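Protein sequences, first through last, are from chains A and B.
Per our numbering, residue 1 is the first one in the first sequence, and the count goes up by one each step.
Per our numbering, residue 1 is the first one in the second sequence, and the count goes up by one each step.
Keep in mind the hints are simulated off the structure, nothing from the lab.
Incorrect hints may appear among the rest.
[Said to hold, decoys possible] Which chain B residues face chain A? A few, computed with CB under 10 Å, are given here:
| hint | residue |
| --- | --- |
| 1 | 211 |
| 2 | 215 |
| 3 | 294 |
| 4 | 295 |
| 5 | 311 |
Remember, predicted model here, so these are calculated numbers, not experimental data.
Where is the CB? At the ideal position from N, CA and C, for every residue including glycine.
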Amino acid sequence: MTNIKILGVMIGTIAIYTWIANAIPQIESAVPEELSFSSDVSEAELVAAGAELYSGGAGCTTCHGLETRAPNLLTGFNGEGTIGTRCGTRVPGQDCKTYLHESLMNPLAYVVEGGFDPMVFQARVFSGAQIWALVAFLQDQGGVVTVTGADVAAAEEADAAAPAGGPMVASNDPLDIMRGNLCLGCHMLEGEGAELGPAFDGIGSRITTDRIRRSIIDPAAEIAEGFDHLAGSMPPNLADMLTARQLEVLVDFLAGQGG
Amino acid sequence: MLKRSRGRWSWLEASLPVAIVVAIGLLAIAIEPLAAQGYTPREYGDFPIIGSRAAIWIAAQLHLFFAAFVLGVPMFAVVAEAIGIFSSDDRYDKLAKEFTRLLLVSYSATAIWGAILVFGLITLYPGLWGYLSEIFAPSMWVYVGIFFFESFTLYLYYYGWDRWKKGRAKWGHWGLGILLNLWGTAVMLIANSWLTYMMSPPAEVTPDTAPGMVQFWSAFANATWMPINIHRLIANVVFGGAIVGAYAAFRFLSAKTDEERAHYDWMGYIGNFIAMSALIVLPFAGYWLGREIYEFNQQMGTTMMGGFMSWLWVVQAFLIAVLFLAGNYYLWIGMGRIPGAERFMPYTKWMLLVLLIGAAVWATPRNMIANRAEITAMGGQFHPFLGVLGVMSAKNTAVNFMILTTFLSFLLYRRANKKAVVSWEKRGTTIQGALFVTAAAVVLFYGVYGYFVPSIVRIGFSVYQVLAVITAIILVVVIDMLMMRGAKSRGEIRWGEMPERSQYALFILAVTFTWLMGLMGFARSGIRQHWHVFEVLRDTSVDAATPALGYASIVISVCVLIFLSLVAFIFWVGGLAEKPVISGVGGGATSSAPVAGDGET
Numbered sequence: 001m002t003n004i005k006i007l008g009v010m011i012g013t014i015a016i017y018t019w020i021a022n023a024i025p026q027i028e029s030a031v032p033e034e035l036s037f038s039s040d041v042s043e044a045e046l047v048a049a050g051a052e053l054y055s056g057g058a059g060c061t062t063c064h065g066l067e068t069r070a071p072n073l074l075t076g077f078n079g080e081g082t083i084g085t086r087c088g089t090r091v092p093g094q095d096c097k098t099y100l101h102e103s104l105m106n107p108l109a110y111v112v113e114g115g116f117d118p119m120v121f122q123a124r125v126f127s128g129a130q131i132w133a134l135v136a137f138l139q140d141q142g143g144v145v146t147v148t149g150a151d152v153a154a155a156e157e158a159d160a161a162a163p164a165g166g167p168m169v170a171s172n173d174p175l176d177i178m179r180g181n182l183c184l185g186c187h188m189l190e191g192e193g194a195e196l197g198p199a200f201d202g203i204g205s206r207i208t209t210d211r212i213r214r215s216i217i218d219p220a221a222e223i224a225e226g227f228d229h230l231a232g233s234m235p236p237n238l239a240d241m242l243t244a245r246q247l248e249v250l251v252d253f254l255a256g257q258g259g
Numbered sequence: 001m002l003k004r005s006r007g008r009w010s011w012l013e014a015s016l017p018v019a020i021v022v023a024i025g026l027l028a029i030a031i032e033p034l035a036a037q038g039y040t041p042r043e044y045g046d047f048p049i050i051g052s053r054a055a056i057w058i059a060a061q062l063h064l065f066f067a068a069f070v071l072g073v074p075m076f077a078v079v080a081e082a083i084g085i086f087s088s089d090d091r092y093d094k095l096a097k098e099f100t101r102l103l104l105v106s107y108s109a110t111a112i113w114g115a116i117l118v119f120g121l122i123t124l125y126p127g128l129w130g131y132l133s134e135i136f137a138p139s140m141w142v143y144v145g146i147f148f149f150e151s152f153t154l155y156l157y158y159y160g161w162d163r164w165k166k167g168r169a170k171w172g173h174w175g176l177g178i179l180l181n182l183w184g185t186a187v188m189l190i191a192n193s194w195l196t197y198m199m200s201p202p203a204e205v206t207p208d209t210a211p212g213m214v215q216f217w218s219a220f221a222n223a224t225w226m227p228i229n230i231h232r233l234i235a236n237v238v239f240g241g242a243i244v245g246a247y248a249a250f251r252f253l254s255a256k257t258d259e260e261r262a263h264y265d266w267m268g269y270i271g272n273f274i275a276m277s278a279l280i281v282l283p284f285a286g287y288w289l290g291r292e293i294y295e296f297n298q299q300m301g302t303t304m305m306g307g308f309m310s311w312l313w314v315v316q317a318f319l320i321a322v323l324f325l326a327g328n329y330y331l332w333i334g335m336g337r338i339p340g341a342e343r344f345m346p347y348t349k350w351m352l353l354v355l356l357i358g359a360a361v362w363a364t365p366r367n368m369i370a371n372r373a374e375i376t377a378m379g380g381q382f383h384p385f386l387g388v389l390g391v392m393s394a395k396n397t398a399v400n401f402m403i404l405t406t407f408l409s410f411l412l413y414r415r416a417n418k419k420a421v422v423s424w425e426k427r428g429t430t431i432q433g434a435l436f437v438t439a440a441a442v443v444l445f446y447g448v449y450g451y452f453v454p455s456i457v458r459i460g461f462s463v464y465q466v467l468a469v470i471t472a473i474i475l476v477v478v479i480d481m482l483m484m485r486g487a488k489s490r491g492e493i494r495w496g497e498m499p500e501r502s503q504y505a506l507f508i509l510a511v512t513f514t515w516l517m518g519l520m521g522f523a524r525s526g527i528r529q530h531w532h533v534f535e536v537l538r539d540t541s542v543d544a545a546t547p548a549l550g551y552a553s554i555v556i557s558v559c560v561l562i563f564l565s566l567v568a569f570i571f572w573v574g575g576l577a578e579k580p581v582i583s584g585v586g587g588g589a590t591s592s593a594p595v596a597g598d599g600e601t
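Chain A on its own, in the form it takes in the complex (with noise of 0.2 Å):
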């Protein structure tokens, strides 16, 4: 009889908590799938890409799932709903498809009131199918999805017939480089830019020149102590963004910052 007990004291243990981990929300972590969109591609597969990105690879949630850096997208904002039934009003006379692809093409066109930083978004770093897909799903937040196959196929020919990488920008001025690249969209330099990185103030007596330059090249690497919650917010591939010279120009620049 002392067996058995034990027995159903071990065996009823666990199946409490067998129980428990099947009885909570069972989400599989998915191998992820490359994006690769035709003409025909359906509203549904745009936006699902869309949502994919919007709380993956873009990084969107980093503000957005916030109320403090930036409006929130889903839920609605300042009593207005959310972003597909506002967005056809924010700028007169455009409608909302127009303003969600100039809002991301152009992450400075149109900064929302209310003391919210530019936002930072490189547009470059996406295909033009990937930026329709982020619009089809936030026009799918309460609003009608008019991207079209046309839309993507469009923005995929030219994303063909445009020269691969390349700089941003033509100058291998430090300040023209870091406000071309928006590095100044998330850290502060003498008064400039947004207190949501780290600030370049002060960033050559912090960290050694190697790991600047390891941090733009790779900068999931290693992300400074208390900024966590910004992991892949910043580009991956900012440094196929800047020449060599800049890349080194850059480095130099920051590592003589002090403080």
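Take the given structure of chain A and dock chain B to it, following the hints.
Same frame as chain A, but now just chain B:
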């Protein structure tokens, strides 16, 4: 004569692990010429019904369970033997020998599951095996060599116990115990380098880097190697203590005499004491490991804490709450057999309250995966009230309070049947109380202050909280040892007079520790997601997706059931080989509860 014959058989049986390891080595040698002839092995093999991933998972987990046991038990066997030597208390020596007897058969089981794991990797994941062995081949041979020495040191340690029992020979024997621990730790360090490389390969290794070009030492001493080493070292002690506690509980419940019952009651207490003492330190090692994972790769850290694994930590918090509650419950019931303990019993309900609140805070998630409707219902990504309790400031505060409470339980247990005779007893107790209050105040202050400072500052606060708690624990123990010198006894501990329900708490502790190890193994391995070697060697098998927690829990439960069944068999076999050594605990022996550094009993 019979004993001699049994001993010979045991030598043959004991050589099994070495034979298995040598066989694996020969197989590895046999494979090499195939590669030289240009033979390209397939990337993956198939395992019937449950699939390759589950097969490897079960083999690896069971190997790890046994490995943790055979690494954890020698640690406190050697400590128990030392206490026996220094205090001239023969009970500890006999206890240490009984622990070691359990090791012999467990050793074979460890080696058998290790062999199943290696054969599984060779046949089911030949591509990954080839990749790893090309980088780590030298350490694999060293591993085999150390395992060889470790095995023979164990044989000498166990079979030489009675021969080297007195004088200098006893010290030599104790030295063998220390050597056994050193070999065991070295084996663990080597194996840990292989698995941590898969988690955190050096930055210079990319998908294009040929394995032959990877620098051995940078692969070996990778970013998460040392945190895993420390975490596993402590966890092995916890695990070993819990399993020994369950063994003692089983023996207690099936004991035929009062003397046996008293012995196994005492043994169960020691197992629980060791497990809980090491458990108190384990969260600190866990935080260090988590921090290193974040340092290595932020995305990996986010996946672990805030991504698809976020719910896993809710389950973990529940399990840890069970551990703290069961451990304290066992102590509180145990106070019923200590004369004088009744004066402390009114406090237990308050301690229970602190533990329950702490567990609830610890189980509160911060970042949950929620759908749009749920986000809307909450009014944002974080719950307006629970989100506040989900941050590290609240969790660190909760766990430190739970640790302080558990330590207080041990302290009350230890002092239950003692009456101090020193003149400064009142002052000493006041100072001890002040230390508790100060530690709690420091923990609470930094817990609240953490909400008002940037995260970079807040991270440093956990160090102050930990330091306050550890300092208080050390100082309180030192004061208590000095204060209780020559203390009068309020009555003898009535070892063996323990309600049966208390023993079930020991079983729950053992099952929960084992299940928790399986869960943490899934977390550590799962954060690699669809990579064999994170961002270097991609998993292209049909099992590349990381399963949800429900499926993982079923595999973990199967592993735990197999392990506990085999352990029960080992305990039974151990009982056949030799009559258990019953010491003179109980039946009039005066004892007090031991705490770390306490030689008086």
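Hints, verified against the model:
no., hint, in the structure
1, 211, "violated, 21 Å"
2, 215, "violated, 17 Å"
3, 294, "holds, 6 Å"
4, 295, "holds, 7 Å"
5, 311, "holds, 5 Å"
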